[in-house]
Amino acid sequence: MELELTEEQSWISESIDTLLSREWVAPQDVSGASAVRRLQTWTALVEFGSFGIKKDSEDGLGAVELCLIARSLGSHLASVPFLGSAAVRLALAPQARSLPAGIAALLSSQDPIGVALLEAGSGWTVERAGTRLSYGRDGLKISGQKVAIEQLQAAGQLAVLAMLDGEPALAITPAAAAGLTRQAQRCFDETVLMGTACFDAVAVPRSSVLGGPEARTVLRRLMTAGALLAAAEAAGAAGHILELACRYAGERRQFGRTIGSFQALRHILADAYVRQESGWSAVCYAAAALDADDLQATQATSIAKAYVSRGAREVAHSAMQVFGGIAFTAEHPAHRFLRRIGVRAQQFGDAAHHERRLGRELAEHVSQARSALSSPVLAEAASA
Amino acid sequence: MAPEERRLREEVRAFLAGSAPSPADLPRSLDARIEALRGWQAHCYQAGYVGRAWPREFGGGGRAPVEQIVVDQELAAAGAPEFVNVVGLDVLGPSLLRFGTEKQRQRHIPPILDASQIWCQGFSEPEAGSDLASLRTRAVERDGRFVLSGQKTWVSWGQFARWCGVLARTEEPDPSRPRHRGISMLIVDMNSPGVDVRPMTQITGHAEFCELFFDDVLVPEENLLSDRGDGWKIAMYTLGHERGTAALPRQVKLRTWLDRLAAALGNRALDGKALLDDPGAQVSLAQAMIGIEVLRYHAQRTVGEFLAGGAVGPDSSSVKLLMAEAEQRLATTAVELLGPAIEQADPAEQDEDAFWEETYLYSRAASVYGGTRQIQRNIIADRVLALPQE
Numbered sequence: 002m003e004l005e006l007t008e009e010q011s012w013i014s015e016s017i018d019t020l021l022s023r024e025w026v027a028p029q030d031v032s033g034a035s036a037v038r039r040l041q042t043w044t045a046l047v048e049f050g051s052f053g054i055k056k057d058s059e060d061g062l063g064a065v066e067l068c069l070i071a072r073s074l075g076s077h078l079a080s081v082p083f084l085g086s087a088a089v090r091l092a093l094a095p096q097a098r099s100l101p102a103g104i105a106a107l108l109s110s111q112d113p114i115g116v117a118l119l120e121a122g123s124g125w126t127v128e129r130a131g132t133r134l135s136y137g138r139d140g141l142k143i144s145g146q147k148v149a150i151e152q153l154q155a156a157g158q159l160a161v162l163a164m165l166d167g168e169p170a171l172a173i174t175p176a177a178a179a180g181l182t183r184q185a186q187r188c189f190d191e192t193v194l195m196g197t198a199c200f201d202a203v204a205v206p207r208s209s210v211l212g213g214p215e216a217r218t219v220l221r222r223l224m225t226a227g228a229l230l231a232a233a234e235a236a237g238a239a240g241h242i243l244e245l246a247c248r249y250a251g252e253r254r255q256f257g258r259t260i261g262s263f264q265a266l267r268h269i270l271a272d273a274y275v276r277q278e279s280g281w282s283a284v285c286y287a288a289a290a291l292d293a294d295d296l297q298a299t300q301a302t303s304i305a306k307a308y309v310s311r312g313a314r315e316v317a318h319s320a321m322q323v324f325g326g327i328a329f330t331a332e333h334p335a336h337r338f339l340r341r342i343g344v345r346a347q348q349f350g351d352a353a354h355h356e357r358r359l360g361r362e363l364a365e366h367v368s369q370a371r372s373a374l375s376s377p378v379l380a381e382a383a384s385a
Numbered sequence: 004m005a006p007e008e009r010r011l012r013e014e015v016r017a018f019l020a021g022s023a024p025s026p027a028d029l030p031r032s033l034d035a036r037i038e039a040l041r042g043w044q045a046h047c048y049q050a051g052y053v054g055r056a057w058p059r060e061f062g063g064g065g066r067a068p069v070e071q072i073v074v075d076q077e078l079a080a081a082g083a084p085e086f087v088n089v090v091g092l093d094v095l096g097p098s099l100l101r102f103g104t105e106k107q108r109q110r111h112i113p114p115i116l117d118a119s120q121i122w123c124q125g126f127s128e129p130e131a132g133s134d135l136a137s138l139r140t141r142a143v144e145r146d147g148r149f150v151l152s153g154q155k156t157w158v159s160w161g162q163f164a165r166w167c168g169v170l171a172r173t174e175e176p177d178p179s180r181p182r183h184r185g186i187s188m189l190i191v192d193m194n195s196p197g198v199d200v201r202p203m204t205q206i207t208g209h210a211e212f213c214e215l216f217f218d219d220v221l222v223p224e225e226n227l228l229s230d231r232g233d234g235w236k237i238a239m240y241t242l243g244h245e246r247g248t249a250a251l252p253r254q255v256k257l258r259t260w261l262d263r264l265a266a267a268l269g270n271r272a273l274d275g276k277a278l279l280d281d282p283g284a285q286v287s288l289a290q291a292m293i294g295i296e297v298l299r300y301h302a303q304r305t306v307g308e309f310l311a312g313g314a315v316g317p318d319s320s321s322v323k324l325l326m327a328e329a330e331q332r333l334a335t336t337a338v339e340l341l342g343p344a345i346e347q348a349d350p351a352e353q354d355e356d357a358f359w360e361e362t363y364l365y366s367r368a369a370s371v372y373g374g375t376r377q378i379q380r381n382i383i384a385d386r387v388l389a390l391p392q393e
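If you're matching them up, the sequences are chains X and U in order.
Residue numbers for the first sequence follow the working numbering, beginning at 2 and rising by one.
Residue numbers for the second sequence follow the working numbering, beginning at 4 and rising by one.
It should be emphasised that the hints constitute simulated quantities derived from the structure, not laboratory data.
Honestly, I wouldn't trust all of these hints.
[To be verified] One side only, chain X facing chain U, incomplete, derived with CB under 8 Å:
(1) E5
(2) A45
(3) F49
(4) A250
(5) G251
(6) G261
Built from N, CA and C at the ideal position, the CB exists for glycine as well.
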């Protein structure tokens, strides 16, 4: 796996940083950013080409490039509907040719997409849902309730997990569809604009619904893409607060010394640096694996998501310890980073979710390897 | 994977399938074991798998550095014994190639490669561990020779070594100058009169390392590596090199141990239930795996700088910290999960239990050798984060 950035990738990363420095607000001002400002920043990102996602063999952005963008967004604490919009498109892109028309259309549009997977009390498994698709006169109808849809207020389209004939399916509907009521929802990080949606027999054409085995594939890939981008954004936020803490440690004086000269703090920051850099390595590796269509991509993503979810939080905690009391004031940006990391750590499966999954797979793999090893011996014994 | 890398991996696998001894097949007595391991390294050298990236003129393979990493990964994956001249290959050999004279390299590189002459490193002293610059071993120049006196410790394979790379003071300490000035690197023939080697038993029960005593040992002037006073520079190069290149093969070894642990848990039952089916055990295994895999991802991302220029930067300290963390987490997880079963003492599982107990004990050294965890943090704080000096 090639983990060094190409010149073009470095250019994308730098350009997005420049763009956000120009369009977006400083970390301490994020909660006061106006809707106009958010839209302006989003428009600039779209104009930059943040959704020119690679389809089949065409040129375009892959998982590595999207992770670089997500890292910058996390670093600037930008409040834009990127995560869902990019994750859905990244999940659909490999199947571009075989998708129903209404879903394939998302790949050529630049509409912000809200991801509606969760329901009250549900976890991050995409195998089942309480929300249902039923057959109506001219198509299908969605009924149910979804929660924790990020950027719901900004989303033009919603990607909804719902059961169709007892199987998980993915339906796409305009956020302004008749029968769909949206409500803002409280969130640990208010700037991600979380919301709930109630679907009261919302009509969707058949061509906007993906069911069967294809739906399972796309939903699994959506979980992978979402987890990866959420990890990338958490890594970006953690990187920035760590940088601020290092700068502070080099300036703040106590006991007649710069506090960064105390070994207790130097070691906290060194450990945080290792956590931060290795977390980013894990994101890069998983993204490269996803772009290469590597069989290990899903596992690598679970590793990256579990590791970064814990690691980014740890970095933020360490940074706050270095800042001391000042980071406990509302006007200081530290808690903004902590909040964003906390939300990204949860989305598309928290560390515990991915660890359970990796552990289960590891156990299943051993059982399989054992039966594979034992079968030829059994066959020999039978023939003898 | 590039086609040439795949070819190389397949070639090494075929070679190993035909000839790799399993560590369990090696003789039990230490002397016989070392002889067998010399033979194994020589065999691998003949096949082109030792010093693959070292210059051809000194017996190396002259290939790209990445090829040796690939070979070492395959050796680790197959559970092949480690090369007995590891100190020569990972530590002193690279320093000789970088700083040695033509004559020194001609003399010493070939016997490092085929393990006919084993090397050890005389760096640490009883009063100079993490604080290496406080070392006291002295080398006084007299009649065109150095007279060496002092004591070294933690000398791996010292009892089998023919040569030792020794850091010694060649100038009187001067309080007005930094302490790492005036240190030189000498190549010492372990057969010289006045060299006394005393093996030390480790907590694992093995005697892999020794104390060395130098009592007015005469060292020819031509055995000075680089210039007088270059010892510190060489030592830092050497330690960085060790940290930068060893991680990827070591990671593969840890991964094979993880799989071994999963298999062991599948074989063990507690209260009628396979340990491997326990959700808590599965999560612990997953956490150990995450540490091991992230080590690979990070080492792979940072090894690029080494492969490009041959110099290892401060990021090797990150890799070193992650490597110790991954190894210790795996070994601790193993004894925690197997612990109750080990207490049950099923005679059929004795070898497996002993392996994990030894692996656990050995893992405690991972955050001490080659620069402690605290020293690595200091390096990062100084050289990466540029924090104010203590």
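Hint-by-hint comparison with the structure:
1. E5: Where the cut-off is 8 Å and the nearest Cβ of chain U is about 5 Å from E5(X), the hint holds.
2. A45: violated, 30 Å
3. F49: violated, 26 Å
4. A250: Holds: closest Cβ of chain U sits about 6 Å from A250(X), inside 8 Å.
5. G251: This hint holds: G251(X) lies near chain U, its Cβ roughly 6 Å from the closest one there, short of 8 Å.
6. G261: Status holds, d = 4 Å.
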